[in-house]
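Chains A and B supply the protein sequences, listed in that same order.
Those letters in the first sequence? Residues 1 to 231, per our numbering, in order.
Those letters in the second sequence? Residues 1001 to 1383, per our numbering, in order.
Heads up, a few of these hints could be off.
As the list claims (entries may be wrong) - Mimicking SDA-like on lysine to any residue, the simulated pairs with C-alpha atoms at most 20 Å apart in a straight line are:
hint : chain 1 : residue 1 : chain 2 : residue 2
1    : A       : Lys139    : B       : Lys1147
2    : A       : Lys141    : B       : Glu1285
3    : A       : Lys115    : B       : Met1001
4    : A       : Lys122    : B       : Ala1123
5    : A       : Lys141    : B       : Ile1007
6    : B       : Lys1162   : B       : Gly1204
7    : A       : Lys115    : B       : Glu1285
8    : A       : Lys82     : B       : Ser1300
9    : B       : Lys1014   : A       : Asp28
10   : A       : Lys122    : B       : Ile1007
11   : A       : Lys33     : A       : Ser76
12   : B       : Lys1002   : A       : Arg119
13   : A       : Lys141    : B       : Trp1012
14   : A       : Lys139    : B       : Trp1008
15   : B       : Lys1002   : A       : Leu116
16   : B       : Lys1014   : A       : Arg105
17   : B       : Lys1147   : B       : Lys1162
By construction, these hints were calculated from the structure, which means they are not laboratory data.
As the structure is a prediction and not an experimental result, all values here were calculated from the model.
One-letter residues, chain by chain:
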Amino acid sequence: MTALVSIKQVYKSYVRGKQRVEVLHGLDLNVEKGEFLALMGPSGSGKSTLLNLIGGLDRPDRGEISVAGQRIDSLSSGQLAKWRARHVGFVFQFYNLLPVLTAERNVEVPLLLTKLSSRERKRNVQAALELVGLADRAKHKPSELSGGQQQRVAIARALVADPTLLVCDEPTGDLDRETSDSVLQLLELLNREQGKTIVMVTHDPRAAGHASRRLYVDKGSLADASLGAAA
Amino acid sequence: MKYLPLIWAGLWRKRVRTVLTMLSVIVAFVLFGVMHGVTAGIDQMVNQMSNSRLRIQSRVNITEALPLAHRARIESVPGVLGVGYYNFLGTYYQEPRNQVSTGAMDIGGLRTMFPEIELSQEAVDAMAQTRDGALIGHDLAEARGWKIGDRIPLKSSVWMRKDGAPDWTFEIVGVYGSARGKVPTNELWINYGYFDEERTFGNGTVTLYFVRINEPARSGEIAEQIDGLFANSANETQTMNERDWLRGRVAQIGNMAFFVNAIIGAVMFTLLFLTGNTMMQSVRERIPELAVLKTYGFSSGAIVSLVLGEAFLLCGAAAGIGLGIARLASPSIFRAIGAGGLALPWNVIATGLGVAAVVALISAVPPAWRAQRISIVDALAGR
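Looking at chain A on its own, in the form it has when it is part of the complex (with noise of 0.2 Å):
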């Protein structure tokens, strides 16, 4: 396999008030092509730092970030919006649909910004929410499905502009046990069948283990999951 996410000697640090917090200090992380990784951690550990980093949302202090090939740490915000646009599909835990669009409107949102016909959208749409089993919610507002529902959503979302890397932060926390499984083993399947890299942000160690590689992040640090777990 190939590597493609590369991060090499990656710092970040934010300031909070009057103080600069340092979240990532020399962090170095490849993720293989067709790989679903899991990052776990505690609440301020920079996992979700890393995951921002990765896809694109936020841009390190020093150090490379190359995805598929290409810098992405030097992209001007706006080179960097184009790039999410045609290489990151995002899944959030609160899933963030817009509540005014129907199901069908919100997979279509990152197609309006490409050059596909209405017909050619609209055909996409239909086939990403037939790929998280939801075709015949195409027409429900976010208020009219449930949790686990929405959450497939925003998978089809995610997936309906045929993305690099599938991006996910705590897909499964606002979820019950049952629905979480049926989420995870959808982002399994899109992971196995359709070859989707995914990096996946998480606290339930059940979650992780879907994944194919568990890493642990610690103080801006990397650590197998074992040992983190261990720790």
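Assemble the complex: chain A is given as a structure, and chain B must be docked to it using the hints.
Relative to the frame of chain A, chain B by itself:
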């Protein structure tokens, strides 16, 4: 166009707030349309008034009568093509509040003096054969439901008949019209000869003369010549062309354009706060949603476009409805100011839509600026 569902959905996120804001914008632009429509209507009326026809009244005031004998002397002035005359009657129908604008005139010369009047030769002939006949304007006929053959009993608070009664009954023999408000069509016209014979005083006098001239450019010079004929007499005249006369009347009301602009300016200024507040609230509530859009690659420019689009849709649609209502209401308003047949000019509607665009732009700039500066990480973390 592909962003329209997003813009539309954002607009209706809080239905009640959007509807109330739209109603405010609609009311403001109805006011804009009506007030600017009235000034534009008056301008149209002034421009449509003839400058090849002079209007003569007593130099003292409009109620002071002029001798009918002036006519022959006016006709002798070089450049004068014809002279008509007119006498006001203050009349009402059934009750004093039902005023009917009535004028006694030389009906035979009416079409020559006022070629813009639409009147059939049959109606003119009928007036010649019916001493107590009357012609009524389209608007008056419509407003009162009067028709040819009706006998209309009117009372005058000024003019008594020889038998001492204030009652004047006329038979309607024709209806006159006028293209696009050139002549008010809310009056009732009777034969001067009949009126003059029947009244108890003021016989052989008129309130106004109308004079057709051959060269509009010489209207001032001819007016001076006419007034010169009667200078230092007991019945001095004041002559001016119709357009200048109406312009003078309008000027007496005051600077209409200034009043209208001041009122509309205040309304629009207040509206800015309302729409600005609505847009600000709307964006503030959607910071996480806008952050999600940015996450998926919407650039800052695209986010600004969405906010601007929402403001333009809100203000544009509401202003369009408001101006539409003003246009529908304008014929009644113009009729009320004596300019029946006119409609709200398209340039007022275009200006209104332009003002709506400016209101939308100004009210959307602060929230758009805020929206494009959203930090995705902070917004998604709820900071």
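Review point. Which hints from the list above does the structure break, by number from lowest to highest?
Key: 1, 4, 7, 9, 11, 17
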